[in-house]
Every structure is written in C-alpha cells, then in structure tokens.
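Novice: Residue numbers (this note's numbering), protein chains in the order written: chain A, -4 to 320; chain B, 117 to 584.
One should not assume that every hint holds.
Just a few of them, taken from the derived set where beta-carbon distance is under 10 Å, the chain A residues facing chain B [said to hold, decoys possible]:
| # | residue |
| --- | --- |
| 1 | L11 |
| 2 | D30 |
| 3 | Q162 |
| 4 | F285 |
| 5 | F293 |
| 6 | L303 |
It should be emphasised that the hints constitute simulated quantities derived from the structure, not laboratory data.
Glycine included, C-beta positions come from ideal geometry on N, C-alpha and C.
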Amino acid sequence: MLAYILRRLLYAIPILIGVNLLTFALFFVVNTPDDMARLQLGAKHVTPDAIERWKVEHGYDKPLLLNVQASGSAQLTDTIFFQHSATMFVFEFGKGDDGRNIGNEIRTRMGPSLAIALPVFVIGLLVNITFALLMVFFRSTYLDLWGVVLCVVLMSISGLFYIIAGQFFIAKLWNLLPISGFAGGIDGLRFIVLPVLIGVVAGIGSGSRWYRTIFLEEIGKDYVRTARAKGLSEVRVLFRHVLKNGMIPILTGAVVVLPLLFMGSLITESFFGIPGLGSYTIDAIQAQDFAVVRAMVFLGSFLYIVGLILTDISYSWADPRVRLQ
Amino acid sequence: MSVMPVILWTDALIFALLASVLVLVWLIRRQEHLRAPWRAVAQRPMAMGAALVLSVFVVTGLLDSLHYREKLPDSPADRPHYSVEVLSVFDKLVGDLRTRQEKTYSAPLAMQLYAKEFVQRDGVTVREYPRLKFGGAHLQTEAERIPDIARRSLTGLVQGLAVSLLLFGLLAAWQAHRSHMSSGQWLVAWRAGRLDWPARTVVLIVSVLLMLGGMLLNLAAAYHVFGTDKVGQDVLYISLKSIRTGLVIGTLTTLVTLPLAIGFGIAAGYFRGWVDDVIQYVYTVLNSIPGVLLIAAAVLIVQVYIESNPDLFDTAAARADIRLLALCLIMGVTSWTGLARLLRGESLKLRTLDYVEAARAFGVSHARIIGRHIFPNLFHLVLIAIVLDFSGLVLAEAVLSYVGVGVDPSMHSWGNMINGSRLELAREPVVWWQLGAAFAFMFTLVLAANLFADGVRDAFDPRQGGRR
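Work out the full structure: start from the sequences and follow the hints.
Specialist: Take a look at the structure:
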C-alpha cells in the first residue's frame, strides 16, 4: 500500500512538470512579456521605455530559458523559467500585480472557499442520493418518469439563473437572508446559508439522475435477485444492499473532487462576494493578472492529482476485491 | 441593391458541418443496420418534439450565418464602397426589428419608457413617462394598449392555427394515400396513436410553434415583445441573434474535439505500449488543469494577439468571429480528454475480440483494422458524446462570458446579455426582461437538446436497452 502511494506520488511529478511547462509556454512563449506589458499598459501609445519599466518591475526582463550573459549556474537560474515557473514546485508563487504575496493570499482565502464548497458538497451528496433512491424505489411508475423529466428540466437551467433568481427573490424581495458578504465564526452562518442552498439546488438535476442510473445498474444484478428470493422486503433490499453497493462508484467518484473543493467555486463566490480562492481567480482573470492565474493553474492541477491518488486508495478501501500493486 | 457576400470563418465551418451531416444522413439512409437506431429515436415522442424545437433554432442560426455587406448608396457603381456593418439574411428577414431603437429601457409590450423623465409639453416642463418612438406608436392612449395586444395575439393564434390545420390536412391526405387508407381511417389511427411514428406529438408541437410564431410576428410588428435594453435595442432581436452564437459554440467545439478524441483514444487503446503511455500522459496533464483557467489563459492570449494585429480584420464582425472561433478551438482542445478516455477503454476491449485477432492474423493493416472493425463499433459512443456535450457547451458559454473570457463583448450572446444585465435587478423599477429573455431562450435550447440527447442515447446505447 505504502509503496503504491509512493509510486503514484512519483508518477505525479512528471505530470506536474508537464503542467508547469504548458503554463510556461502559454504565458511566456506564445504570449511574450512584451505583449503582457502592452495589455496592462493599454495597447496604444505605449513607449518602449514604459514596457521595459513594467518588465523590470515584475521581474520579466530576464531571458526565458537560458541567460547567456550570466555565468555559472546563474545561466540557468537567472531566467524567467527558473524564477517564475520552477519555483512553483515548492509552492513559492511570488507576487501578484497588486504586490501581495500569492502564497499568503491562497492560505487566507482557502477557509472561506471551503466554508461554502464543503457544505454544498456534503449536503448535495445526501440530497441527491435521497432523490435517486426515491426514484429507484418508485421505478417504472409515473413518479419515476416525471422525476427524471424534472431532473432534465433542472439540468437545463443555467447555473447563473439559480444564483441570480435566488439572490433576487430570497434576499432582495423577501429579505430572508443577506444578498452577499462574508464573516467568520457563528456570525457568518447567515451569509453561508444562501450560497449553500443555491449550490445544492443547482446540482440536484444532474446529480440525482446520475446516481439513479448507478442504482438502477446495481438493481439488475444477481445478488439483488437473490435477496428478493430470500423474501427480503423491497425497502430492505434497497437500503441494505443496493445503497451499500451503489455507494462504491458514488463515493469514489466524489473523492476525486474532494481536494478541488479548496479552489472554491468561481461563479458562486464572485456573486456572493465571498473572499475565497474562486473570487480571487476570477478577479485575476478580469484584471489579467497572469502571475495569479499561473499560480491557480498549478494549484488546481496539484489538487486534482491528489484527488486521483485518493480515488485509488478509496477504491481499495471500499471494495476489497481491488488490489493496489 | 448590390451586396458583397461575407464569409466569416465560422460561417464556412457551419456550412461545411451541415454538408457533412447531410452526406452522413444520405449514407445512413442506405444502410438498414444504421437506420434502425434512428428509427427508434424517431418513435420517441419526447425526442421528436425536442428535435422539432431544435430545428427552429437551427434554421434561425443558419439564416443568421449567411452574411453580407451592403453597398453604400452614394458610392460609384464601378468602384463600389461597402458598409462596414456586416448583416445577415436573418437581419433582412426580421426587417426593422434591428433598427427600431428606443432611447433606453422599456418594459415588454410597453408604449412608454420605464422611468419618468422631464418632457416639454406645450411650453411647460412636466415629469412623465415619455412615449416610445416605435413600441405602440400607433396607439393614442394607454387604455387602448391591452385590447390591442389581446387582438394582435388572438389574430396571431388564429393565423397559426389556420396554417397548422392546413398542414395537418395535407399531412393526413398524403399519409393516407401512402398507407392506402381513407383519410377518415388515418385520422382515427392518428387519434388513437396507432401510427408507427409519434404523429400526435409532432402535430401538437408544430401547431404550438406555429401559433407562438404567429403571435410573435403580430406583436413584434408594433411592440417590443421582450422590451428594450439599456441602449434601447429590442431584446427579442438580441435574443434571436444570440441563437447563432450558442449553436456555433455547441457544434464547432465538438468538431474540434472529435478528431482529437477519436484519434488519440483509439490509438492509445489499440496500439498500447509507449503510444498509450504518451497519450495518457498528455491527457492527464490537460485534465489536471482546471478547465476554466486553461480557457481563460488561452483566451487572454488570443485577445493579446487580436489587439496587436488589428490590420488582419477588416470589420468588427470579423474580429469578433475570430475570437468566437478561437473560443471553440480552445474549449475543444480542453474537452477532448473525457471522450478519449472512454474510447481508449473501449478499444482496449475490442482489440482482444476474436474477429480483430483474426484480421490481424490475416495480415490486415492496422489502418484497415481500425477503420473496418474498431471505429464502427465505437461510433455510437461518439454520437452519444456529441449530443450530450452540446447542451453543456451552450451553458458554459454563459459562464465564460460572465467571467470575461467568453465571446467578444460586441457579439450578441446569451452570456453577454446576462453579463450586461446582472446589475439591472438592483434598479428601481426592476429591469428583469433582458435577463428573463436570455435565460428563457437558453433554457428552451438546452432543454430541447437534453431531451433529444436522451432519446439518442437510449436508442444507441446497448447497455441502456429497455431502461430509461
């Protein structure tokens, strides 16, 4: 087991290097620092001096990969690649355009992101499984048919609509909850309820339909027939046997997104003014702050790979037939 | 009036796509085993209804893809100058819907602006709701408005009903003739739902669409059916123009995805070994980067390119079009991994089957084995992926435009409509119609696409046989 995890971790390194090279290529080779400077300073009437100054300020004035003017190891280290891309492996992200340390920002913003994303994830999972089980229990009746149709309808509504409609009706018209904002501690609870509620509702359509197919696949298997033949009631079959076995694909599918919860949700956070990583990313994209976008790309891929490893581990834990070697 | 046709990149690709779909349909019609699942799709009322609604969207989008530039009236005939404004056949068809511009917001079907203004009347300044220039301009007083709207709606309904009755009569006569029944017998069979296609649903949906269309035509001639936006443009027009953008993103992105997913997926599964390792590595790397961020990064880069090469594009429409195409390319490059993984797994299974082994033992070339034995057996997966992805892509456009990395701000799209109007709900009085129209149009398209996709998946996926 330990050897397996170690090997997977080693296997993750080339992938992270790939991500790093790709972002480096996107941000520095295809799109040169001169272009970035021009974009930041305004495309027209920009002097070469201003561009040069901007590049020096941001440390982008060095050669990309090889500094022929330097000597010794500085030939490799005194370059954009080494100072801006390679350092991400030790989670050193440098500074954003606003001058703040990106690493610090990430650490302080993870909390608010998790405060929204984790409840949405857990409550959403429970709600979706409940609905899916209900539909499976009433399968091939009109209740099930209309349940599926309702799911498709809910799926077809844009996520933005849930947020905008929720904010407008619940917060603005009926004044039940604050429209947006965030605070720590118990006091902050009232800010969290609305985004969590909307997040859960927005996910019901696709979630319950997906879980329903999983349970239906499970229900066609031999052990279910055996359980029924033993004379077990339908409720018992469903909750004792089908639920337990159906949970394996559901849980392992959920594990992969677990680390990504740290990243928060771009849209929700920006609409509700939550100072999390999602709104940080969206602000960076809108302000074209390439350093922050680069850092978030790296962080996201790192968390995704952690999720993949966790998935493998949870497979073997949930289903003893799966052996890790 | 002479015009200069303009073929934007996405226009060319859309019509190329249309041509290939038509060729595919022609090929499928000749092969019974390929026709069978499509016949199953055609027998599902839900799928057929959805397909009809989709076809309305598609026709609108196609009409909106035939672009041209009008000749300026005072330019010499031998060396004509053309307007920089790129119009489409659709613009021509909707007539003055495009040009009937008000001053600012007005509510749906209103005859006055949404807020009071100071107006000069008989030398005195009064504060009142100013009349609209075009919306309800034929009315004298506010009291006439509701009866007029009711009359116009009713006229439209009756006209739509008349057309659909006429069509239904023709259909009944034709079908009865084809199946050697009397028209009466056919009608009885139709009512009882005993035909081999969901004729009741089709007739119902077509007449509802025709009646809605009739109402819309009658009302839009004199009112702004969905109101006007901040600069006074008709929201109905903007929403209809956005259809093309949604369709382009939903289809062209898949066009980019397919070659990548099919090529890499099958190669990885069929050849295994180092090919498999390399391809798996590439798609794990791509997959591990959060999609929105990769798209954002690439779009920012395209933006820089467009801004630093302004000479390449002669019109604003061409510039917006390149950005749309780039968005499709980028979304395609980031989203092929899921399908590739599925195809890889499936080809891994297929390559061990007896007939593939036999083909290999006979010395059949790899290309031929893949073409004859592997790909045809994966085709249903590809098709299901195309129809399932479509709705997701349409929804993604709205989110990306909100983030600011979507289509060009000058291009009509539902995402831009939502993005531009999200602060309008905070106004007093509330301006809800632009948001409402964008969401309603998007919802209709996505719901129709989802229902159709369900029908296709049920008919093509052998695993789902019999289950909904």
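Novice: Next step is simple, just say for each hint if it's right about the structure.
Specialist: Hint-by-hint comparison with the structure:
Here the hint on L11 of chain A is kept, as its CB sits about 8 Å from the closest CB of chain B, short of 10 Å. The interface hint given for D30 of chain A is met, as the beta carbon of that residue sits about 5 Å from the closest beta carbon of chain B, less than 10 Å. For Q162 of chain A, the interface hint holds, since its Cβ comes within 10 Å of a Cβ in chain B; the closest pair sits about 8 Å apart. The criterion of a C-beta within 10 Å of any C-beta in chain B is met by F285 of chain A, whose closest approach is roughly 8 Å, and the hint holds.
This hint holds: F293 of chain A has a C-beta 9 Å from the nearest C-beta of chain B, less than the 10 Å allowed. A distance limit of 10 Å between C-beta atoms decides the matter here; for L303 of chain A the minimum to chain B is near 8 Å, and the interface restraint holds.
When each numbered hint is compared with the structure, no violation occurs for any of them.
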